[in-house]
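**Q** Now for the letters of each chain:
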Amino acid sequence: DTEVTQTPKHLVMGMTNKKSLKCEQHMGHRAMYWYKQKAKKPPELMFVYSYEKLSINESVPSRFSPECPNSSLLNLHLHALQPEDSALYLCASSQDGRFNTEAFFGQGTRLTVV
Amino acid sequence: GNSVTQMEGPVTLSEEAFLTINCTYTATGYPSLFWYVQYPGEGLQLLLKATKADDKGSNKGFEATYRKETTSFHLEKGSVQVSDSAVYFCALSVDTGFQKLVFGTGTRLLVSP
Chain A
1 DTEVTQTPKH LVMGMTNKKS LKCEQHMGHR AMYWYKQKAK KPPELMFVYS
51 YEKLSINESV PSRFSPECPN SSLLNLHLHA LQPEDSALYL CASSQDGRFN
101 TEAFFGQGTR LTVV
Chain B
1 GNSVTQMEGP VTLSEEAFLT INCTYTATGY PSLFWYVQYP GEGLQLLLKA
51 TKADDKGSNK GFEATYRKET TSFHLEKGSV QVSDSAVYFC ALSVDTGFQK
101 LVFGTGTRLL VSP
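First to last, the protein sequences are chains A and B. At the far end of the first sequence sits residue 114, using our numbering, and the numbering has no gaps. At the far end of the second sequence sits residue 113, using our numbering, and the numbering has no gaps.
In short, the hints are calculated from the structure, not lab data. Given the structure is predicted, the values throughout are model-derived calculations rather than measurements. Glycine included, each C-beta is placed from N, C-alpha and C at the ideal position. There could be a bad hint or two in this list.
Pulled from the structure, derived: some chain A residues nowhere near chain B, Cβ distances all over 10 Å [claimed, not checked]:
#1 Lys18
#2 Leu45
#3 Ser62
#4 Phe64
#5 Ser86
#6 Gln107
#7 Val114
In silico DSS-like pairs for lysine-lysine, Cα to Cα no more than 25 Å straight-line [stated by the list, open to error]:
#8 B:Lys77 with A:Lys41
#9 B:Lys100 with A:Lys53
#10 A:Lys22 with B:Lys100
#11 A:Lys40 with B:Lys77
Covered stretches of chain A, as calculated for chain B (at least 3 residues, CB under 8 Å) [as the list claims (entries may be wrong)]:
#12 37 to 43
#13 50 to 57
#14 93 to 99
Could you put the whole structure together from the sequences, leaning on the hints where they help?
**A** Next comes the structure, spelled out in structure tokens:
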């Protein structure tokens with residue numbers, strides 16, 4: 001199993017809503033990532049978890065709150081988002097956090113904030 | 001800082017044509033280099049990688065060679081297929097303790113029959 005599974009695939013939420021994105025992998029990977037990809041742009045790193053600890057936060061606004069409940073799961077909690085936060089949110093995992101290892105990406109959650 | 005520059009797209013080719021997508025990089029330290037492919041409506045898949053100078057990554061007929069002297073990692077394929085139509089991202093990662101992929105802007109490839 002070399003899959004990273006993200007749910008939901010699509011999400012529409014209002015600016016006052018609270019929602020969560022979920023990501024799961026069963027490859028035994030110990031590093032997990034959230035990336036944000038705006039339309040026709042490259043992905044940009046948001047967070048890195050290594051061994052279930054938050055290791056990198058790329059100055060992401062607090063309306064995005066990551067959580068890693070265990071080594072297989074990664075959540076992204078969303079609250080009070082803005083329309084400009086509409087994007088494709090990609091989860092990825094790698095065997096460990098080393099810079100030269102392969103990252104496996106999920107298909108993403110396409111988020112629309114109205 | 002670290003950055004990746006890719007050629008502007010779209011690149012439009014006929015089936016069986018030769019493909020080159022240029023990629024150059026700037027990095028502090030000694031980066032690992034990657035090509036990722038994104039098919040419509042999907043996430044990213046690693047196409048190939050190289051971790052040191054003169055390494056050649058290859059997969060599914062695609063190749064790229066890590067050229068330290070020219071700071072380049074150009075993607076090539078001898079004969080493209082319609083199914084290769086996608087967006088191709090060149091990326092680097094340097095050793096800062098954790099993996100942080102820095103992507104180029106992506107190059108859209110359109111292959112017609």
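**Q** Is the Cβ of Ser62 of chain A farther than 10 Å from every Cβ of chain B?
**A** holds (21 Å)
**Q** Beyond 10 Å from chain B, beta-carbon-wise, is Ser86 of chain A?
**A** At about 16 Å from chain B, Ser86 of chain A clears the 10 Å cut-off, so the statement holds.
**Q** Is it true that the CA of Lys100 of chain B sits at most 25 Å from the CA of Lys53 of chain A?
**A** The given pair, whose Cα atoms are some 16 Å apart, holds under the 25 Å limit.
**Q** Would the non-interface assignment of Leu45 of chain A survive a Cβ cutoff of 10 Å against chain B?
**A** It is violated; Leu45 of chain A is separated from chain B by about 5 Å at its closest Cβ, not greater than 10 Å.
**Q** Against chain B, does Val114 of chain A hold up as non-interface, every C-beta pair farther apart than 10 Å?
**A** holds (21 Å)
**Q** Classify the label on Phe64 of chain A as holds or violated, using whether its beta-carbon is more than 10 Å from each beta-carbon of chain B.
**A** holds (17 Å)
**Q** Counting residues of the segment 37 to 43 of chain A with a beta carbon closer than 8 Å to any beta carbon of chain B, are there 3 or more?
**A** It holds: at least three residues are needed, and the segment 37 to 43 of chain A offers 4 whose Cβ sits within less than 8 Å of chain B.
**Q** Hey, does Lys18 of chain A actually stay past 10 Å from chain B on C-beta?
**A** holds (25 Å)
**Q** Should the label of Gln107 of chain A as a non-interface residue stand, given a Cβ cut-off of 10 Å to chain B?
**A** violated (4 Å)
**Q** Check whether the Cα positions of Lys77 of chain B and Lys41 of chain A lie no farther apart than 25 Å.
**A** Between Lys77 of chain B and Lys41 of chain A the Cα gap is close to 24 Å, so the pair holds against 25 Å.
**Q** Residue count check for the segment 50 to 57 of chain A against chain B: does it reach three with CB-CB under 8 Å?
**A** Answer holds; 3 residues pass the 8 Å Cβ test.
**Q** Is Lys22 of chain A within 25 Å of Lys100 of chain B, Cα to Cα?
**A** At roughly 21 Å apart (the allowed maximum being 25 Å), Lys100 of chain B and Lys22 of chain A satisfy the hint.
In the structure shown, a violation is registered for the earlier hints numbered 2 and 6, in ascending order.
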